[in-house]
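Could you slot chain R onto chain F? The hints should help.
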Amino acid sequence: MALPKKTSLAILTFGVMTAGLGYAPGPPWLRLRETVLTQVLHFGPEAAPPAPVAAPSPASAAPESRRVLARTPLEQRDARQILDPAGIMSHFYESLARTERKEPRAVTQVLHYGDSPVTADSITADARAILQQRFGDAGHGFVLMAKPWAWYGHRGVGLRGSGWRIAAATQSRAKDGFHGLGGVSFEGGVGASSTISLPDNRHTGMEVQFLQQPGGGAFHLEGNAGPIGDVSTDGETEAPGFASFGLPSGTGRVTLSVTAGTVRLFGWSFEKKGPGVIYHSLGLNGAQVQAVLWYFNAGQWTIELRHMHPDLVVINYGTNESVFPEYIERQYPGELRKLIERVKTALPESSVLVMSPMDRGERDSSGDIVTMPILPRIVDIQRKVAVDEGCAFFDTFDAMGGAGTMARWYESQPRMVSADFTHPLPGGAALVGRLLDDALMRGYARFRAGTIGVQ
Amino acid sequence: MILSSPGYLAFLVAVYLLFWLCRANRLACLGLILLANYFFYAKWSLVYLGIIPVASSLDFCIAIALERAKHPFVRRALVTASVFMNIVLIASARYVPLLLGLAGAATHAGWTLPLSLSFYGFQAMTYTIDVYRRDARATRSLLAYLATVSFFPTTLAGPITRPAALLPQWEKNRSLAPEEGGRALFLIGVGLMKKFLIADYLAEHLINRVFDLPKLYSGSEVLVGVYAYAFQIYYDFSGYTDIALGSALLLGIRLPVNFNQPYLAENIADFWRRWHISLSNWLRDYLYFSLPGKRTRAMPYLNLIVTFAIGGIWHGANWNFGVWGLIHGVGLAVTRGWQAVRGKKKPSANLALRTMRILAAFHFVVLSWIFFRASSIATARDILSQIFSGTVEWSNITPEFVVVFSFAVAGHYIPKRWYERSQQAFVAVPFYAQAAALVLLALAIQYVAGTGAAPFIYSKF
Numbered sequence: 189m190a191l192p193k194k195t196s197l198a199i200l201t202f203g204v205m206t207a208g209l210g211y212a213p214g215p216p217w218l219r220l221r222e223t224v225l226t227q228v229l230h231f232g233p234e235a236a237p238p239a240p241v242a243a244p245s246p247a248s249a250a251p252e253s254r255r256v257l258a259r260t261p262l263e264q265r266d267a268r269q270i271l272d273p274a275g276i277m278s279h280f281y282e283s284l285a286r287t288e289r290k291e292p293r294a295v296t297q298v299l300h301y302g303d304s305p306v307t308a309d310s311i312t313a314d315a316r317a318i319l320q321q322r323f324g325d326a327g328h329g330f331v332l333m334a335k336p337w338a339w340y341g342h343r344g345v346g347l348r349g350s351g352w353r354i355a356a357a358t359q360s361r362a363k364d365g366f367h368g369l370g371g372v373s374f375e376g377g378v379g380a381s382s383t384i385s386l387p388d389n390r391h392t393g394m395e396v397q398f399l400q401q402p403g404g405g406a407f408h409l410e411g412n413a414g415p416i417g418d419v420s421t422d423g424e425t426e427a428p429g430f431a432s433f434g435l436p437s438g439t440g441r442v443t444l445s446v447t448a449g450t451v452r453l454f455g456w457s458f459e460k461k462g463p464g465v466i467y468h469s470l471g472l473n474g475a476q477v478q479a480v481l482w483y484f485n486a487g488q489w490t491i492e493l494r495h496m497h498p499d500l501v502v503i504n505y506g507t508n509e510s511v512f513p514e515y516i517e518r519q520y521p522g523e524l525r526k527l528i529e530r531v532k533t534a535l536p537e538s539s540v541l542v543m544s545p546m547d548r549g550e551r552d553s554s555g556d557i558v559t560m561p562i563l564p565r566i567v568d569i570q571r572k573v574a575v576d577e578g579c580a581f582f583d584t585f586d587a588m589g590g591a592g593t594m595a596r597w598y599e600s601q602p603r604m605v606s607a608d609f610t611h612p613l614p615g616g617a618a619l620v621g622r623l624l625d626d627a628l629m630r631g632y633a634r635f636r637a638g639t640i641g642v643q
Numbered sequence: 008m009i010l011s012s013p014g015y016l017a018f019l020v021a022v023y024l025l026f027w028l029c030r031a032n033r034l035a036c037l038g039l040i041l042l043a044n045y046f047f048y049a050k051w052s053l054v055y056l057g058i059i060p061v062a063s064s065l066d067f068c069i070a071i072a073l074e075r076a077k078h079p080f081v082r083r084a085l086v087t088a089s090v091f092m093n094i095v096l097i098a099s100a101r102y103v104p105l106l107l108g109l110a111g112a113a114t115h116a117g118w119t120l121p122l123s124l125s126f127y128g129f130q131a132m133t134y135t136i137d138v139y140r141r142d143a144r145a146t147r148s149l150l151a152y153l154a155t156v157s158f159f160p161t162t163l164a165g166p167i168t169r170p171a172a173l174l175p176q177w178e179k180n181r182s183l184a185p186e187e188g189g190r191a192l193f194l195i196g197v198g199l200m201k202k203f204l205i206a207d208y209l210a211e212h213l214i215n216r217v218f219d220l221p222k223l224y225s226g227s228e229v230l231v232g233v234y235a236y237a238f239q240i241y242y243d244f245s246g247y248t249d250i251a252l253g254s255a256l257l258l259g260i261r262l263p264v265n266f267n268q269p270y271l272a273e274n275i276a277d278f279w280r281r282w283h284i285s286l287s288n289w290l291r292d293y294l295y296f297s298l299p300g301k302r303t304r305a306m307p308y309l310n311l312i313v314t315f316a317i318g319g320i321w322h323g324a325n326w327n328f329g330v331w332g333l334i335h336g337v338g339l340a341v342t343r344g345w346q347a348v349r350g351k352k353k354p355s356a357n358l359a360l361r362t363m364r365i366l367a368a369f370h371f372v373v374l375s376w377i378f379f380r381a382s383s384i385a386t387a388r389d390i391l392s393q394i395f396s397g398t399v400e401w402s403n404i405t406p407e408f409v410v411v412f413s414f415a416v417a418g419h420y421i422p423k424r425w426y427e428r429s430q431q432a433f434v435a436v437p438f439y440a441q442a443a444a445l446v447l448l449a450l451a452i453q454y455v456a457g458t459g460a461a462p463f464i465y466s467k468f
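Going down the list, the protein sequences come from chains F and R.
At position 328 of the first sequence (counting the first as 1) the number is 516 in this note's numbering, and the numbers step up by one without a gap.
At position 144 of the second sequence (counting the first as 1) the number is 151 in this note's numbering, and the numbers step up by one without a gap.
Warning: the hint list may mix true and false statements.
As the list claims (entries may be wrong) - Here are some of the chain F residues that sit facing chain R, going by a computed Cβ distance under 8 Å: (1) Pro192; (2) Ile199; (3) Thr201; (4) Thr206; (5) Leu209; (6) Ala338; (7) Trp339; (8) Ser385; (9) Phe430; (10) Val558; (11) Ser606; (12) His611; (13) Pro614.
Said to hold, decoys possible - Below are the DSBU-like pairs computed for lysine-lysine, each with C-alpha atoms no more than 35 Å apart in a straight line: (14) Lys526(F) / Lys301(R); (15) Lys50(R) / Lys193(F); (16) Lys301(R) / Lys352(R); (17) Lys194(F) / Lys50(R); (18) Lys461(F) / Lys290(F); (19) Lys363(F) / Lys222(R); (20) Lys179(R) / Lys194(F); (21) Lys50(R) / Lys335(F); (22) Lys194(F) / Lys301(R); (23) Lys193(F) / Lys179(R); (24) Lys222(R) / Lys460(F); (25) Lys193(F) / Lys222(R).
Unchecked claim - Derived DEER-like restraints, expressed as beta-carbon distance ranges: (26) Pro521(F) / Tyr454(R): 34 to 40 Å; (27) Lys423(R) / Gly203(F): 29 to 35 Å; (28) Ala417(R) / Asp364(F): 39 to 45 Å; (29) Asp364(F) / Asn357(R): 58 to 64 Å; (30) Val373(R) / Arg289(F): 29 to 35 Å.
Think of the hints as simulated: they come from the structure by calculation, not from any bench.
Think of the CB as a built atom: it goes at the ideal place given N, C-alpha and C, for glycine as much as any other residue.
Okay, chain F solo, but in the shape it has when bound (with noise of 0.2 Å):
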């Protein structure tokens, strides 16, 4: 027999000793994992390459691990619908009724507040795309003057801004909390420009948010069609400053330059003639519930959101409070009482929804991506306060599939989901912004079948 003496007692003792480790009691650190050892004896064909993520109805969503607290559901509910006890959405639905049959300038415009995700127009340039797909296309709606992170951005939109001192609620803060609609504020003397290109040159008009304030400075507005307007910021006290212009047919692309002292401005919206659907994707990096009820001056962001007089607003922030769970059970729900409070003061007319975080993955001991622990437990607050405020609810966490959602798409191919189990891959935000699209649109279907608010 030839077999090598010492390299085959070592592989021996190797083997003897990994086998003890599995099984022996000792300490954890000193124990092979079960999971390890029966993988030697694993001979069964290669796992093929994970197919594609569909969108999965509740009958197929996976069961939750082992790490998902438990809960006991407020009712029985179905995932891919929007839980509107209330019937608050009926607001919204009637605008879309009236933008479906055409009635002259029936425009429905949705608020949708978000953080990261939201920030990159993801999820909603897909909502955007398929209700405009449907309803018609009222115009791109609001775009905040510069980038203040080089992850913003909106689908279609080229955005290029110099000169301005960037104060966003999430980080830097204007110190008076005047952030405007969007949460960030821009303040430049002569010399600061920004340029928007917008998807197409069908825009009929355009509207500048600013700050009205004594010794307010001048900008002017230019299309690539022609000179669009002038606009001096003074006024006699500090308010929210609108100016709207009618843009030259053809225009493309506008450029915004300081011409005299300082302005302060916080965004430029663009809209089309309707009938049509303006969806305005509000995302702030890092955002969370408390940013916008600390940080946004509450006088004027009430101001503004009644200037915009949107049908929908939609709420959709959890995924940043996720690292916070003692936070969670103590300060959340009362913070997002007040955020909804305050809302629902600004605009007691418009549908209001709460729409809930996606599922946050993370590596658990054993290196298995799961659902962080507290994100359900997020998703039930929400659904609870919604519901006892009066909003409608749509649980994002539960449509996508779950917990353990993360983990799929994570392994899916193509990917769905970033490195970071958190930031959805553009598959998995068209998936979601679907989703919350098929939502709405099931529950406008009950709407026009006389249903609505029938759980």
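This is chain R only, laid out in the frame that chain F set:
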């Protein structure tokens, strides 16, 4: 079955025991290796059992025919048939789905082979081309050829081993010296450590995120992610190679060395003498030397660019790989031109100047890795724009990441003799100490990595 999985290691031990038990009988050994090779393929898909034996047998017959044929036209036709067949096999995994997609096929998932046949194809072509060039003799043993051309440790990602160099090793009837066995275990251990403790850790804790959505991270974080990727791909690929070399050595087979501290290269030509050496040798011997115009002034430079552009496209049907190949091709052509201008004058041995040359070559390679790793040209552009954005923020870089990254950098630049000394120390200790060291490594991998076994980067090429 990836080479770092527990299943592979159990499979290797079984092959090792059976191989040495029947070592006295050459036919039994070759039969066992062939069986192991085909089992390895079958683990990925049974389809391979219909492809590999047929393709290998055809190449075996072509080689014998090449040796017998006298007429140049016949010889050229034979070698062309072999090259064509193997290129089809290489292209099948990544270009057939693309072509079917372009042709509007509704679905082509069934056409996608889970395991690329690139390294098999390279080795098979090497054999018939060598016989055609009369650089090697055709073997008369079908069993030996079949066992050699699909030798399982080289199946996933090389090193590309010339069958002409491997075939004689089966003939030797020798035993495995304790030193060789110790070296084999050491190589496998080091390979696992490189893969799990460094490459996968770096990828999981920054690189993958940065390359997925670069705009979410500051310029400083993206820059660190890009530097880290240079070390991730080195540790991943050289870790794989170490395991392959160690696996073969357990069976008494020596495979060619594939890496030699590549980031110590002083120029891009030097880099390719240190990085994926078996591929760069293959490209030189079988592609570059086959291109026309060797005696002209400009063509050798153009041929370098063409060679590396093809080498780039081989990595995948993606513009990124083409750009990566072009960057290296142009870099090599410029280096060669510069060397031609300088003549035989040697570069300065001054330490500062040498360090500058190493840093310049390293950054050139790092720039090219951005295109290699990014999912698209647009993502590569985003990465570059973030790096040059000047934004500084370190919140996504943890102290643990810094430790592992520093260890990775230090591990690459340590003097070779330190590595050799540690290898000698491992070889010299008793068997139970070797086993204990490997158990400690297994525990460390379990403790530190905890990220599952990601496939080796190069196993998809």
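Against the structure, the hints come out as follows:
1. Proximity of Pro192(F) to chain R holds as hinted, the smallest CB-CB distance being about 4 Å (cut-off 8 Å).
2. Taking 8 Å as the C-beta cut-off, the interface hint given for Ile199(F) holds, the closest approach to chain R being about 6 Å.
3. The beta carbon of Thr201(F) is positioned within 8 Å of a beta carbon in chain R (closest approach about 4 Å), and the interface hint is therefore held.
4. A least Cβ separation of about 6 Å between Thr206(F) and chain R falls short of the 8 Å threshold, and the interface hint therefore holds.
5. For Leu209(F), the interface hint holds, since its Cβ comes within 8 Å of a Cβ in chain R; the closest pair sits about 7 Å apart.
6. Interface hint status for Ala338(F): upheld, as the beta-carbon distance to the closest one in chain R is roughly 4 Å, under 8 Å.
7. The criterion of a C-beta within 8 Å of any C-beta in chain R is met by Trp339(F), whose closest approach is roughly 4 Å, and the hint holds.
8. Proximity of Ser385(F) to chain R is violated relative to the hint, the smallest CB-CB distance being about 17 Å (cut-off 8 Å).
9. Among the interface hints, the one on Phe430(F) is violated; its C-beta lies about 31 Å from the nearest C-beta in chain R, farther than the 8 Å criterion.
10. The criterion of a C-beta within 8 Å of any C-beta in chain R is not met by Val558(F), whose closest approach is roughly 12 Å, and the hint is violated.
11. Nearest Cβ of chain R to the Cβ of Ser606(F): about 4 Å, under the 8 Å cut. The hint holds.
12. Annotation: His611(F) was flagged as interfacial toward chain R, and the flag holds, the nearest CB pair being 6 Å apart, inside 8 Å.
13. At about 10 Å, the closest approach between the beta carbon of Pro614(F) and any beta carbon in chain R exceeds 8 Å, and the interface hint on this residue is violated.
14. Taken as a hint, the Lys526(F) and Lys301(R) pair is broken in the structure, with Cα atoms around 78 Å apart against an allowance of 35 Å.
15. Proposed proximity of Lys50(R) and Lys193(F) is supported: the alpha carbons are some 30 Å apart, at most 35 Å.
16. A threshold of 35 Å between alpha carbons decides the hint, and for Lys301(R) with Lys352(R) the separation of about 24 Å falls inside it, so the pair holds.
17. This hinted pair checks out: Lys194(F) and Lys50(R) have alpha carbons roughly 31 Å apart, not beyond 35 Å.
18. Taking the CA atoms of Lys461(F) and Lys290(F), the gap is near 11 Å; set against the 35 Å cutoff, the hint holds.
19. A hinted pair counts as satisfied when its Cα atoms are at most 35 Å apart, and Lys363(F) with Lys222(R) qualifies at roughly 27 Å.
20. Distance hint between Lys179(R) and Lys194(F) is fulfilled; the C-alpha atoms sit about 21 Å from each other, no more than 35 Å.
21. Between Lys50(R) and Lys335(F) the alpha-carbon distance is near 50 Å, which puts this suggested pair outside the 35 Å criterion.
22. Pair hint Lys194(F) plus Lys301(R) does not hold up; C-alpha atoms about 52 Å apart against a cutoff of 35 Å.
23. Of the pairs offered as hints, the one joining Lys193(F) and Lys179(R) holds, with about 19 Å between alpha carbons and a cut-off of 35 Å not exceeded.
24. Simply put, Lys222(R) and Lys460(F) have alpha-carbon atoms about 31 Å apart, close enough for the 35 Å limit, and the pair holds.
25. For the hint pairing Lys193(F) with Lys222(R), the CA-to-CA distance comes to about 56 Å; that exceeds 35 Å, so the pair is violated.
26. Against the hinted window of 34 to 40 Å, the Cβ-Cβ separation of Pro521(F) and Tyr454(R) comes to about 38 Å, which satisfies the hint.
27. At about 32 Å, the CB distance of Lys423(R) to Gly203(F) agrees with the hint of 29 to 35 Å.
28. Taking 39 to 45 Å as the suggested C-beta distance range, the pair Ala417(R) and Asp364(F) does not conform, at roughly 51 Å.
29. The given range of 58 to 64 Å is respected by Asp364(F) and Asn357(R), whose C-beta atoms sit roughly 60 Å from each other.
30. Checked against the hint of 29 to 35 Å, the pair Val373(R) and Arg289(F) fails, with Cβ atoms roughly 59 Å apart.
Of the hints listed earlier, those the structure fails to meet are numbers 8, 9, 10, 13, 14, 21, 22, 25, 28, 30, in rising order.
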